[in-house]
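Residue numbers (UniProt numbering), protein chains in the order written: chain S, 1 to 529; chain D, 1 to 89; chain C, 1 to 108; chain U, 1 to 163; chain E, 1 to 130; chain Y, 1 to 936.
By construction, these hints were calculated from the structure, which means they are not laboratory data.
Heads up, some of the hints might be wrong.
As a list, the in silico EDC-like pairs of lysine to aspartate or glutamate whose alpha-carbon atoms are at most 20 Å apart [said to hold, decoys possible]:
1) Y:K686 / C:E107
2) Y:K675 / D:D29
3) S:K442 / Y:E548
4) Y:K675 / Y:D775
5) Y:K686 / C:D104
6) D:K54 / Y:D601
7) Y:K199 / Y:E269
8) D:K54 / C:D63
9) U:K101 / U:E161
10) S:K442 / Y:E545
11) Y:K675 / C:E107
12) U:K62 / U:D158
13) S:K442 / Y:D105
14) Y:K675 / C:D104
15) D:K54 / E:E3
16) U:K62 / U:E150
These stretches of chain Y come out as covered by chain C in the derived footprint (C-beta under 8 Å, 3 or more residues) [stated by the list, open to error]:
17) 200-206
18) 565-573
19) 614-623
20) 702-710
21) 759-765
Derived CB-CB ranges, DEER-like [said to hold, decoys possible]:
22) Y:T878 / U:L39: 25 to 33 Å
23) C:R106 / S:A487: 46 to 54 Å
24) S:G155 / Y:S554: 30 to 38 Å
25) Y:G352 / S:F474: 46 to 54 Å
26) S:F474 / Y:I45: 31 to 39 Å
27) D:L11 / U:P27: 41 to 49 Å
28) S:G155 / Y:D601: 51 to 59 Å
29) Y:G546 / S:A487: 47 to 55 Å
30) Y:T878 / S:L40: 25 to 33 Å
31) E:G62 / Y:G847: 36 to 44 Å
32) S:L40 / E:G62: 36 to 44 Å
These numbers come from a predicted model, not from an experiment.
Note that CB positions come from ideal geometry on N, CA and C, so glycine has one too.
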Amino acid sequence: MTDLGNHVVIAPILVPLLTGTLLVLLRGSATPLRRTISMLGIQLLLAASLWLLLQVADGDLLVYQLGSWAAPYGIVLVADRLSAAMVMVTSVLALFAMMHAIQGSDRRGRQYHVLFQFLLMGLNGAFLTGDLFNLFVFFEILLIASYGMLLHGGGAARSKAGLHYVVVNLVGSSLFLFAVGTLYGVLGTLNMADLALRVAALPPEEVGLVRAAALLLFVVFALKAALVPLHLWLPGAYSAAGPASVALFAIMTKVGGYSILRVYSLIFGAEAGPLANLVEPWLLVLGLLTIVVGTIGVLASRNLALLVAHLVVISSGSILTAFGLGSQAALSAGLYYSFQSALVTAALFMLTENVARTRGAFADQLRAGPMLPAANLLGGLFLVLALAVAGVPPLSGFIGKVLIIQASLDTPAIAWIMAIVLSTSLLTLMALARAGSTLFFKTDTNAGAATLPNAANLVPVAAVAVISLLYVVFASPIYSYTEAAAAQLLSPADYIEAVLDGETLAGGETRLDSETTSDGMPPDSGGHD
Amino acid sequence: MLNLALAVGFLLVTVAVLLSLWRLIIGPDQPDRILALDTLYVNTVALLVLLDIKLASSLYFEAALLIALFGFVGTVALAKFLTRGDIIE
Amino acid sequence: MEALIALSVGLLTACGIYLLLRGRTFPVVLGITLLSYAVNLFLFVMGRLSIGVPAILEPNRADYADPLPQALVLTAIVIGFGMTAFVVVLALRARADLGNDHVDGREP
Amino acid sequence: MKTLFPHPILSLMLLGLWLLLVNSISPGQILLGTLLAWLIPLYTARFWTAQIHIRRPLLLLKLTGTVLVDILIANIAVARLIVGPRARIQPGFIRMPLRVKGNVSVSLLANIITLTPGTLSASLSPDRSELIIHALQGEDSAAIITEIRERYEQPLLDALEQT
Amino acid sequence: MVEIFVALLILIGAGFTLLGSFGLVRLRDLYERLHTPTKATTLGVGSLLIASAVFFTWREPGVSLHEVLVAVFLFITAPVSAHLIAKAALHQRSPSRSGLPPESLLEKHDGHGAKPRPNAEAKQKPSQTG
Amino acid sequence: MTNLPLIVLIPFIGAMLPPWAVMTGRPWSAWVTGGVALAALALTIVPGLSVMQGETLIWQQDWFPALGLSLAFRLDGLALLFVLMILIIGLLVILYARWYLAEQDPMGRFYAYLLLFMGSMLGLVMSENLIQLLMFWELTSISSFLLISYWRQRADARQGARIALAITGGGGLALLGGILLLGEIVGSYDLSAVLAAGKSIHADPLYVPALVLILLGVFTKSAQFPFHFWLPHAMAAPTPVSAYLHSATMVKAGVFLLARLFPALSGSEAWTWIVAPVGMLTLLIGAYNAFFKHDLKGLLAYSTISHLGLITLLFGIGTPLAAVAGVFHIMNHATFKASLFMAAGIIDHEAGTRDMRRLAGLWKFMPQTGLLAMIAAAAMAGVPLLNGFLSKEMFFEKTVYMASFAESFWLLPVLATIAGALAVAYSLRFIHDVFFNGTPTDLPRTPHDPSRWMLVPVEVLVVICIAVGILPSLTFGPLLGVAVGAVLQGPAPDYSLKVWHGFTPALGMSMLALAGGALIYAIRQPLFRWHETLFGRIDARALFEGFERALLWSSRALDQLIHRRSLQFMLVVLISAALVMLARGFWGMPITGSATLLPIDPVSTSAAICLAAGAIGTVVWHRQRWTALVMLSVVGLIIALAFVKLSAPDLALTQLSVEMVTIVLLLLALHFLPKQTPRESSLPRKLRDLLLALLGGGATGLLTWAVLTRPYDSISGWMLENSVPGGGGTNVVNVILVDFRGFDTLGEITVLAIAAIGIYMMLRDLRLDVPLTDDQGRPWSSDVNPLILATFSRLLLPLALMVAVFIFLRGHNLPGGGFIAGLIISVALVMQYLANGIAWTKLRLSGELHPLIGLGLLLATATGLGSWYFGYPFLTSTHGHLHLPVIGDLELASVMLFDLGVMMVVIGITLVILIRLGRIGLVQRRVAIDDSDLNR
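Use the sequences and the hints to build the structure in full.
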């Protein structure tokens, strides 16, 4: 662990932190400088993420003991295949979002770059941490940064949506603390691996409490993941936020999904005795319901941003449905789906802004507007992304959906999953076709003239379109990665072993030592007066 | 001896706390409430001092100091709000 | 004592929730604050109750309160403060942008 | 010298304060305290706009003593008023023209009035010429004003203001 | 001996503290009530602090005087608090049994004040700050 | 062999060319497109020849084994048949479109779409892997969407395209489901495996669902009843597109699949009872409607539906011979229908209308077209010596054959004959109404025969019709043979392609149909009126639109119900969800545990009373906001006391400081908000909230109780043990904060920094009304900064700073630390602002506060990074004792620097937030008055 190369685990957190701090210090500096710094930070992050991904790709679990304190006493960062992949997706998304933002939308408010970097820090931290309370801290970092980014640009709609988003999430954070507190109060530890061990050896009279805490935690994660009925905050918030911000938000629901996956496979996974596979039945039902409700929203949307926001809800539902199935194939399918849907929805948000900008006063409203001089380009990109998101071949969403259905084939839920996934795909496709033909084909002769889109602005969108296609071409290697990641998730013993039996470090203690030392302490170390 | 005095002291201060609370609740005016709150703060300082003596530990001294400081700042802020509205201007 | 604490946590939560469900920003902020008090108290007592044994190491003492929840609560208080400050200012912003202080931006 | 040690008295007070706080007079703490007693006034110098010139320190000390004793008396008096029949309280507002002018002395006087028997400085007139005092037994306002003048204002005037 | 002294100080302190709060409840108008906490409570806490100082000086090696700090602090701030509360009460025209001093004594009404002009101006142009 | 993927790939790659070529000149895009199609055709020759020898060529490349998806192409008889149809008719269409498209139509885009479509069709018919097949299947839906909506400014084109996409795309999704089930049954998506597994498929319980789903795909694509209505609306496409899509390609994809999976799926009762009736119904309904359409293309569209019904029926019958007839009719229909569409296009192009009520007597103007159309229409009607006759004859034969099985099947030949008669009738109408039937009256243009080249494609097709009609076995015969072999996956049954079979019942039916058709056409006028009164108002498009509207309406209604933009609703849902989960977790479990409890003392009880009073007071007075705030601060105070009592001095200090800052913050905010809350909650609403609040409170209270009454064991014992040796401090809480869990603290100050930045952002150009009076209507006091306060506050500053330093330095060993120290400094400075005003204070405060945030964050992070230099992980601490003469033992720890960073951030943030907030009013007042008094 003394090898400096291992610092790569913390790099995805530190790089944005330092970049953000630098930007805070350079308050009032010129926009080009800020953009350059921000972009450099992201490129560095991308490099670090890639390095991290390569390091864990062969199945190694990297454990980074902060302050050299061994788990479960200190905080550890753990990089496994899943977290490295999430970090990677975040970095890629960040690159695109930043490419988009520096075309001008970052100037609509100040502090965009600072908030952006801190949001990245929060996201990566949430993906990497191996400590439940530290997860809370990173949740808060990413939330508060997202509050700021949501409000970036200002305006009444954003203020209102922001207020809802913030208050709902504040309550969510309170619930998180209630849950973490209960877990600590019963199990006496915060490290997730250690929690897993203690849950597995839970005396029966404590089961109720831990179950209550676990389910409460599920509410928190479900809120972040926008699982019905806790998704209500999302459409308003995402449609009100400027695309420069919301492009990065596309990954935020994934944090909820990630946390569900992490916590309920590691702590309440198959080996958790009476608490095994605690949330899977909920996930399956609610996930499917989420897809349905999201589709209703998609059909009912009157503007493109709202429509795309509901698409995010649908994709979240799809992912969680897959996670709810619980098998390796299903988890793998869910992950496969999740990575691409983050990119595609982000690109759709970016495209939405471009469309809105060219249409002038008509913005992204779904009604006939001025003739678009670049209808072919914009419409073409929209078509590709719409197909990808609706799950129509040959784009990435299709493979994702097929994988999810395939994973459900030998489960009793197959009929429901197939019916809902397929029919909502159709309805989504219809809604997108309507939206697309209204936006790009239908013209209102009285609507005045539209402006040409900025081509540079479309580069990230086009890049995602290409990636979506490549995602299909290279489906096999990607899937074998997600499959391996799923396998890793389903054998939490490796994770636990890696975290708790780490090498002895200077200043740190191995678990064995510490147990002998803590034996000297009375179990209830708090004295009574 | 000391313990008895402490017990009585706690009792008296506790009653004082409750009386201040009563004034805080019944008001009737806003300045009354500030006054009651201020007194409550000072009462808690008393409580902390007693606790310090009882536990024979001076670990709570800073808390008393801060309560005294913040009780004052709070009173100032609340009172200024009533007279000026804008407390930092 | 445990019962007293449990009652207090419950009461704070109840008051917090009731205020959270009001229609104006200021009571909602008050509700958030009350709720965070409840949470902090709750999280703190998860290390169990102990009187007169702060976790300051002293030579002749073996009993200490559980320091870990205290550290967690400290973090939670600070984060809660940041969040409260944010939401307060956001309430002002919303008032300026929406013209009233209703949480949904419209007078009912 | 002035810029390096803007407020020697303050510095001294701060050093004392530091030693009080740390409950120790080890050389290390004295050194640290001195350092702080030097640095903090340096930083806060600009907040101290009005220079206090203590002309007669002894008089000020005597005043402090008077006030402390009066505080004790004040409390016993107030105690009797509180516990006794409420009819004995005949409150009233008194306008007391001020002779002290400086910010510090006016403030000090106002505080002293509040701490001492039966009186409370309620407001300062906008032109700072009058203090409005609330007295628990305010029937004889002239007597109260005279007493305040003699016991507190005059020593303050002598100690702090040029006359 | 020291113990008795400390005990006595504790009793006096607690007694005065109670007295302050008792006055708060018993007295009839705000201006009267203002007197008790500023005096009784401050003194009460003061003697408790002295009790503490004595106690710790007695019990532990070295002199414990930092309690004095709190006491000094309270003695400085209590009158200021009372003054500000009284100001607020006068501003609000809280009723007094003995009648209130005229408002002209309390507020500045010449053109230099911050109050009247913006008031008048803003009333004429309500949209100014909208 | 390796040519197979190339055949598919070429059109896709070629699709990029036309938009480029069109820049060189419009015709170039056509030639390039034609070249692409020709290239693909050329590539087909070599493998085609081996297929004609009876071989099945398969090219396979692993792609995504986990999904069962491989890149696999197959060329067998059936595929070859379709490839040839797609490419040859495609070529003709390309040629035709070159003259058909108007000047203003963007030709490059047209050909690009066409090539995309062509490639998708080729991929579809050549797929060996079923999932790959499905991908191409959906691609045809999408590319046809683009083709149909080619004239995008036309509402009917957009609508038609969307209907087509919805139906065929939806069918594709059903097909996907079916294929996945099929794959599950067989264990492979390879066509070879699936075709070989016929028997086991039938035995599987999933067979019926799989069949139904696959047939849904087939029926939607092939426009079978009741999904047929998309097809007529797809006629809004340019005619070449119609000619291509509805003769040889798009709609044939459905029947192709029927043929492709014939060995795997057919032969069951379910198959027959679903496919045959649907085919029969479609046949009749299509033929019926075709007769009554006044639009030329509409007539052709419905006739297409009808013919597809016929083919479907043939496959539904399920015998090998019926399959032969089906395949044969696929070929024949493609030729005559393509030519008819092209002819209709020419008529439309030249005469300016397609309405048969306006067209008449065109024979005089365009005899060449007329002749060609007449032959093609005759083929469609099933006139002998033309190809249509042959396959229709085979069809009649099969119906008679079926009727011999069971009594009830007598209906089959009867219905077939009726359908035949209707086909004759509409064919007749097509010819007679357009070319004869008097003279044209009000045509938009004077028609004449089109340019030579536009007729060539039609001529080619008509020649084929005749050639096949006369010499079937020499023309289509060999191809049909291999195709049938591929369909049946075995030897073809004995069939004969002869024009003359003798006097068979089928011949009789043909004659009957011809005669009946003529009769129907003769009495067409009364029939039109009768149809008008009966079905005139039934419009599939209106139905679809109605469905779409209903969908939209209901989804909007549901959306309004679910996605209420109400915070209260969201919170009610969230809190209820949490309660449900808690209840679920607790259910049936003991609440109270076995730990020993602490006694209750009077001081704690009265503190609890204060807490309760404060909390309830906050609720009760929440309308009087200022009062509520005072009540809230009581709660904060009591919480701090509780921390003191329960051995947490650090927490108490923090709680107190934060509480103070929060109160100041709330006061600052309250200034700009209404001081009272209006009464606006209804009683039921209040009761609901109360219930929820009580439940929530009860739940957390119970949770607390449940945990507190249980004994536990935690990791903190280790922390107490290691605090001094490992962390170098006796204040374990502080050691945890800055060392053991320093990362949390770093995160925490980051949160603060972000909050400050966000707040800073929000406060920029924030304009708020500054209240000019207090809530009781009194003007504000003129005494901005009371003198006495100002004097003493200045005195407090150095004292507070001293205390802060004290608290900071001892933090590691005794209660205190950077955070609390920072807040004390902040409060002391805030006090200056409170007492002296912003302008006065700012003037005297050296340095900006804002950079403190960044610097503090940087310092904390850099301290953490410092350990990298020594080869330790982030935030590894070190500590040691420094022995200095005189001064004595000085303890230094790296975490002090970290804590200093924390302190700087805290100061920066608190002041930035509060002062910024305070300045709103200042800025506002500056707007109102320019008064130097503020700087006093």
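So which of those numbered hints doesn't the model satisfy? 17 and 32
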